[in-house]
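Novice: Respectively, the protein sequence lines represent chains A and B. Numbering that gives the first Met the number 0 puts the first residue of the first sequence at 0, with every later residue one more than the last. Numbering that gives the first Met the number 0 puts the first residue of the second sequence at 0, with every later residue one more than the last.
Think of the hints as simulated: they come from the structure by calculation, not from any bench. Be aware that one or more of the hints could be misleading.
To be clear about the criterion: a stretch of chain B counts as covered by chain A if any three or more of its residues have a C-beta under 8 Å from a C-beta of chain A, and this derived list gives those stretches [unchecked claim]:
#1 19 to 33
#2 43 to 56
#3 76 to 89
#4 154 to 167
#5 179 to 186
What follows is a set of in silico ranges between Cβ atoms, one per label pair, in the way DEER data are often shown [to be verified]:
#6 A:Arg164 x B:Ala156: 15 to 25 Å
#7 B:Gly127 x A:Arg138: 56 to 66 Å
#8 A:Asp81 x B:Pro161: 30 to 40 Å
#9 B:Ala211 x A:Thr262: 44 to 54 Å
Using N, Cα and C, we set each Cβ at its ideal position, and we do this for glycine too.
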Amino acid sequence: MKEQAFRFGRAHHMVGVAGVPTANAHAVGVVVLNAGLVHRIGPFRLHVDLTRRLNACGYPTLRFDLSTVGDSGASGEPQTRDQQVRADVADAVSLLSRQSGCTRVVLIGLCSGAQNAHAVACTDASVAGAIFLDGYAYRTVGYRLRHYLPRLFDAGRWLRALAPRPHPPTPRSTEPVFSVAAMPRDVVRSDFASMLDRGLKLRLIYSGGISNYFNHARQFRECFGRVVTRPGASTRFIREADHTYSLACDRNRLLDDIEHWLTSHFPVATAGVPS
Amino acid sequence: MTMLTTPIEADLPLYFGTGAELFGLYQPAGAPAGKAVLLCPPLGQEQIRCHRLYRQLAHALAAEGIAVLRFDYYGCGDSAGASDEVDWQRCLADTRDAANELRRRSRTDRIVAFGARLGGSIALAATGAARFSELVVWDPVLDGNAYVERMEAMQAALRQDPQRFCTPRQVSDADGQWLGFPIGTSLRQALIELHCGPANVPVWILDSLEPAATREWQSLGVHASQIKTLQPPTPWDDLGRLEMAILSHAVIQAVTAHVRELA
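Just chain B, same shape as in the assembly:
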C-alpha cells in the first residue's frame, strides 16, 4: 500500500507555451525533490480513456514530493486547435515546451517523462529536444504503420457496430477518422513512418499488451531488466470498451516506485 508522505496541494490549471495555446495542470511538489515528472498523454480516444489514471498518477507522485505537469498537445483536450489539426511535429514541440514549463515552475532541471501508447512514442521522439533525463513508457507504439492499420480496421468495425448504430454507417461518414477523432493526413503519414529507435537516456518499459501482441522492445535497445510485465493485459484495442476508462493501480504503483528510486 502506498503511503502519502507529503500533503499535496491542489493542481493548478493553466495555459502556457507560445500564445498560451497549451492547457496543463501543474501539481507542485511539497519540497524540492531534485526531479519532476512530465506526463505525456496518448492521442485520440486513448487520451480520454487514460485521463483518470494520469490524474491519479500525478497525485501519487505529488504525494512523494515530486512536481508533475500534465498537459494537452495542440488540437487535443483543452488546448487550442481543432482535433484535425493534431500534428506529429507539433506534438514533439509541445512536449519540449511542456518540459521547459515544468522546469521553470518546479525549478528542477531533471525531468522524467512518462507516456502511455503514443504518449510514450512522443516522449521517446522528443527526448533530445525536451532534454529528458529518463523515460517511463507504457505499451508505447513503436511500429506506427501497424498502429495505423489497426486504427483503420477498428474504425471500419465501429461504423458497422450494431451496439452503437441502429444501421451501419456509410464509409464516407466514417472516413478520415479514428475512433471518434478526425485524423489529418499529415498525422496519419507521420504515424505510418513512425519507427521508434533507442533513446540516449535510460528507458523503463511497462508491458501490459495482450500475450499475442507483437513486441519490439529490443528496438529501443533496452535490457530485460528495464521491462516490467503487468497483468492483466490492458484492453487498448477492444472496441466494446472504447468508452471505458483505463485504470491500473499496478501502473501507478510501479511508476511511482520507479521514479522514487531513481538516483
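Just chain A, same shape as in the assembly:
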C-alpha cells in the first residue's frame, strides 16, 4: 500500500497524507490531529508509525495539518479557532471518505489534539469514536494526597528544603509549555456522557508526562465520575511514559493499545456500523 499526499480543504489550504488499504474499503476511517504545533508526522514520528500500523490492520487513515499548523495555510475565513477546527476536520473526513469509501471516523489526538478531537466529537455526526491522549484532566483531592503525602514523610526532602542553598533556585522558564487549556470539568463530563449517549466509543490514555496534574489511573473516575466506567468508555494510565512518548518502547506500547482498542470496537469486517 502506498500513501498519498493531498492538498485539500474548502480553501485548498491544508496538507495531509492518506493511507488507504486496498482491502476492507468500508472500514471505519482514522483521522489523526496535530499534537500542538508539531506537523502531521507527530512527535518523534508517532503519527506516521500509528497510521501505518492501522493501515496494516485494514483501516484507512489520514494524518493532516490543521489550518495554520505544519504545512497548512490559513483558510481566510472569519472564524473562531473552534469553528476552524470543526471545518478542517469535516474537510479531512470528506477527503478520507472520497479516497476510501468510509463514512465514519475515529479521531485520535494528543494534548491539544485531544482537545480538538473532543470539540469535534461533541457535534460531528461522522465521528464514531475518539482516542484522547493526555486530554482534559483536573487536579483532584486524590491527586493532591498522592502528590503531597509521600513528600510530607520524606525526610530527605525536608533536609534539602531546610538546608542553606549554595545557589539561588533557577528561575522558571517563561517559554511556553505543552498544556491543554482547561474547560470546566462539569462541561467535559457532560460532553463525554452525550458522546456515549450518541453511541461513540471513547478511549482515554494518559501518560506520566502530565504528572503535574494527573498521577493515577484512579483519577479518571475522580475527574469524570461514573461516565468513564460506562460500556463505551475505557481508560488507561501509562505512568512510565512521558507526554510525547519519546522512547520507542513506550510508543510501541501505545500503538499496541490503540490497535487492540480499535480492532475490538471497530473490527474491520463490520466497521462503520454503529453498535
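Given chain A, put chain B in place with the hints provided.
Specialist: Below, chain B alone, put in the same frame as chain A:
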C-alpha cells in the same frame, strides 16, 4: 524588511523517486529564475524542530521567484520506511533524486542546496552526485564522531530527566535511540566515520553555534568571507528545548539574500 516580489503559489505535496517513496513539497517559481533551491533537512528531532523554519524559508525564496523543493529522506517524515531504516548512503541517494526531481519540475539545471546540521553535512557529501552549483550550510556537522558522542550523552540524560519521566528509565528502554528516534547501527557507524572535507563548489556557512563550540570550518576550505556569524546562538543541544521549534528570521533573511545575489 523582506518585500514579497512575486505572488507565491501554494506548495504541492507529492511523492517522487524510485517507487515514489520520497515525500516532498514543491514550491513553484512565479517565473524562471535560472536557479532553484533544494532544502535538505536535518535528521531526527532536529528535522521536526526545523520544519517551520524550512517552510518559511521555502516561502521566502518562492516570493523571490525561486522554485524550492523540501523533502524527507527514506525513513524520515512522511517518506516511506521506518525510522530505524534511515541510512547515510540512502540519504545521499535521496538527495540526488530530490535534486533531479527539482531540476525536472523547475526546468532549471542550477540547483543551490541548503541544509541545517546533518542536512548540511548530507548536502556537502552529496554535492558531486546531486550536481549542486552552490551550498549554503547552517551549523553543519563536520565531525561525526563528536556528534555521536553528544547524541548519546543527551540520550542518557533524557532517560533520567525528571521533567520528562516520573522515574528514571532503564538503560535498555533508551538503548539504540537518539532523542526520540531509533538509530540503526549502519547510520551510527556512518556518522562515527563522517568527516566533511572541502566541496568542489562555492560553500557559504551560517554559524550560530554556541561560542564555546568547536568550529572546524577551515576543513571545508572556505575563506572567512564565506562565513556569516549569527546571533543569538541556536540551542541545538539544549535538552530542555528538545521539543521547541528552531525559528530564525536571521537565517531566512540571510539565505534568501544570498541566493538572490548569486550571479
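Novice: Flag every earlier hint the structure violates by its number, smallest first.
Specialist: Of the numbered hints, all hold.
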